[in-house]
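Number of protein chains: 2
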Amino acid sequence: MSSSQEDRLLQWLREQLHGDGSDRLGDDAALLPRAETAITVDHQIAGVHFPTGLDPRVVAQRLLAVNLSDLAAMGAEPRYAFLALSSPPDQDMKSFLQALLKATRDAGVELAGGDLARGPVLSATLTLVGGKVPGGRWVRRSTGEPEDRLWLGGPVGQSALGRHLLEGGADFQNSRIQLPPELASDRGLATAARQAIRRHLFPDPQIDLGRWLARRRRAAAIDISDGLSLDLHRLCRESGVGARLHSASLPATTRFLDLCAWLQLKPLDLELSGGEDYCLLFSLPATIRPPHSYGCTHVGELTRDRSILLIEGGGVRLLEPQGWDHLRTTE
Amino acid sequence: MSSSQEDRLLQWLREQLHGDGSDRLGDDAALLPRAETAITVDHQIAGVHFPTGLDPRVVAQRLLAVNLSDLAAMGAEPRYAFLALSSPPDQDMKSFLQALLKATRDAGVELAGGDLARGPVLSATLTLVGGKVPGGRWVRRSTGEPEDRLWLGGPVGQSALGRHLLEGGADFQNSRIQLPPELASDRGLATAARQAIRRHLFPDPQIDLGRWLARRRRAAAIDISDGLSLDLHRLCRESGVGARLHSASLPATTRFLDLCAWLQLKPLDLELSGGEDYCLLFSLPATIRPPHSYGCTHVGELTRDRSILLIEGGGVRLLEPQGWDHLRTTE
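These protein sequence lines map, in sequence, to chains A and B. By this note's numbering, the letter at position 149 of the first sequence is numbered 149, and the numbering carries on one by one without gaps. By this note's numbering, the letter at position 270 of the second sequence is numbered 270, and the numbering carries on one by one without gaps.
Treat each hint with caution, since some may be false.
One copy or any two copies: either way a pair holds, since identical chains are not told apart in the list.
Quick list of in silico lysine to aspartate or glutamate cross-link-like pairs, DMTMM-like style, CA-CA up to 25 angstroms [stated by the list, open to error]: (1) K132 to D55; (2) K132 to D90; (3) K132 to E77; (4) K132 to E36; (5) K132 to E110; (6) K94 to E238; (7) K102 to D208; (8) K132 to D7; (9) K266 to D186; (10) K102 to E320; (11) K266 to D204; (12) K102 to E15.
Everything labelled a hint here was simulated from the structure, so no lab data went into it.
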């Protein structure tokens, strides 16, 4: 009961933050200046969102990235972060906190408060506060209209492939990816596998693309966390529209397809319902195209008819809202 | 992988919320109107902050109360809540959510977003956003001055006594407190025990007192979460002052003292370092007294000399900053 590891750790945190808002850590709550704000909360729990042994520094980066992706989908400017962290007694909180501080700083985000405790497993919840992009507006899920074009901000399916590899014997230790020998020996497959694992562990939130969308006259967006098909259903539901998605337009590299074939996985399943892609799915009026530098792909259209259809090899089928269900029963 | 228990539960939540901001749940982040805000985050983890078998409805109420207490200490008006919840697969999330919805509604708070998952133990993180009290200012820890009077908003030590009883055989099931037979048989002790357990399970955040403080010319405050002595040290450190605390002034009922004697516990230890009291410790210029209706007690003074002293039975000693350390190693 002696005082107080918590106070000492908080003191250390304030020193890390220098002037940089460290003042905000002295009270029972953090004071933020007058502004319209977008707020999002995500958590990452060992054994649920990531394997128990994963490097806490990777967990910290991933936690921030996943939250940033939500703000990107709102076209928001990331500003403040609040952390609730619990970790097992034998785990050093500082490596997690240092990685989070570095990642927040890189993203222009100020760590403005939090709550620390010891708990049975590493469990971290991040609340992120975003502001309006200067000269922009909020991007919503509900502002899509029939005949808008549907765009993807990046590749889908790779992250799920990376998760599959990590569950099947690949590993990430001391900042290095270890592949099973049979995979490591083929240079092309090994490159694809490393890329997929990196994509899974280090999502790349599309904040710049979100800023660009915020400055358009009209755009609707969602970040793909639970799978393209499920998140497309969500966007369409909020906008009161349907969609046609062209499977042939989905961006997939030959390497990704080769690795799927080698693993006997269907690429389209991963692309449609793998989840944790953390790139943006968005709609724009047909007259507007995102700048080439964002690497977006035109993958379909919104429709007045409420059906959500997949166009595949000349055929058409209803696209089921399949994806990652956070409430499914896990081991 | 079928879609999606999560979407169904979110739909249910939106229905519970009616018009009441349910609109905010449709996007990747919640949009809040332009305002200065105070933000606080707290978490409650089974086996760490409460016993594993505790009724999820109690956990929900307690989580909100603990957070509200932080806002009370800032003199803030509670407005929005964001929840990150994970619970074991065999546990019904709805009873937790229903209790939280009721408690937020009672407090005038809107549940504006969240993140749900299955996890190994019940773990809930609440982010609470408060606004400025009309005509008021923020209350800080740093605005205390020498010769200010030091006040306590409620009794201290009872919550720790309640925790001690729950760890030692008392129980709370189906909204009823069960006491060990030897305690249940003495009416006076049993009443004191029930009161202490209620105080521990259902903290009573002093939002109204916080509002009143926000309208004063000057006040400093902190909520006592980790123990009077530790939190007094924090208030003094932020204000750059010392303090004299009069042990004889601490509000304690005869019943509380009798129960402590029966349990062979030192009341002063519980009062000074028991923690989880969730009442306010605050300072005011000597000319201002809180209204009688808030039940506050004048317990000391702030001093120019930086020492923090306990006046006890005519003697004086340095008050150590002892209390609840969230980072201490637990079982």
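So, going through the hints one by one against the coordinates:
For the identical chains of this complex, K132 and D55 are neighbours neither inside a copy (34 angstroms) nor across copies (41 angstroms), given an alpha-carbon limit of 25 angstroms. With identical chains, the CA atoms of K132 and D90 are never at most 25 angstroms apart, being 41 angstroms at best within one copy and 41 angstroms at best between copies. With identical chains, the CA atoms of K132 and E77 are at most 25 angstroms apart both within one copy (6 angstroms) and between copies (23 angstroms). Taking the closest pair of Cα atoms, K132 and E36 come within 25 angstroms of each other both inside a single copy (7 angstroms) and across two copies (15 angstroms).
In the homo-oligomer, the alpha carbons of K132 and E110 lie at most 25 angstroms apart both inside one protomer (16 angstroms) and across protomers (22 angstroms), since each shortest distance falls under that limit. For the homomeric pair K94 and E238, the shortest alpha-carbon distance between copies (24 angstroms) is at most 25 angstroms, but the shortest distance inside one copy (41 angstroms) is not. With identical chains, the CA atoms of K102 and D208 are at most 25 angstroms apart within one copy only, with a shortest distance of 19 angstroms there and 39 angstroms across copies. Taking CA atoms no more than 25 angstroms apart as the test, K132 paired with D7 passes in neither setting, with 34 angstroms inside one copy and 28 angstroms between copies.
Taking identical chains as interchangeable, the C-alpha atoms of K266 and D186 lie at most 25 angstroms apart only when both belong to the same chain, with a minimum of 20 angstroms there against 70 angstroms between chains. Taking identical chains as interchangeable, the C-alpha atoms of K102 and E320 are never at most 25 angstroms apart, the minima being 40 angstroms within one chain and 35 angstroms between chains. Taking the shortest alpha-carbon separations for K266 and D204, only the intra-copy value of 24 angstroms comes in at or below 25 angstroms, while the best inter-copy value is 55 angstroms. Taking the shortest alpha-carbon separations for K102 and E15, only the intra-copy value of 14 angstroms comes in at or below 25 angstroms, while the best inter-copy value is 40 angstroms.
Hint compliance for this structure: hints 1, 2, 8 and 10 are not met, and every other hint is.
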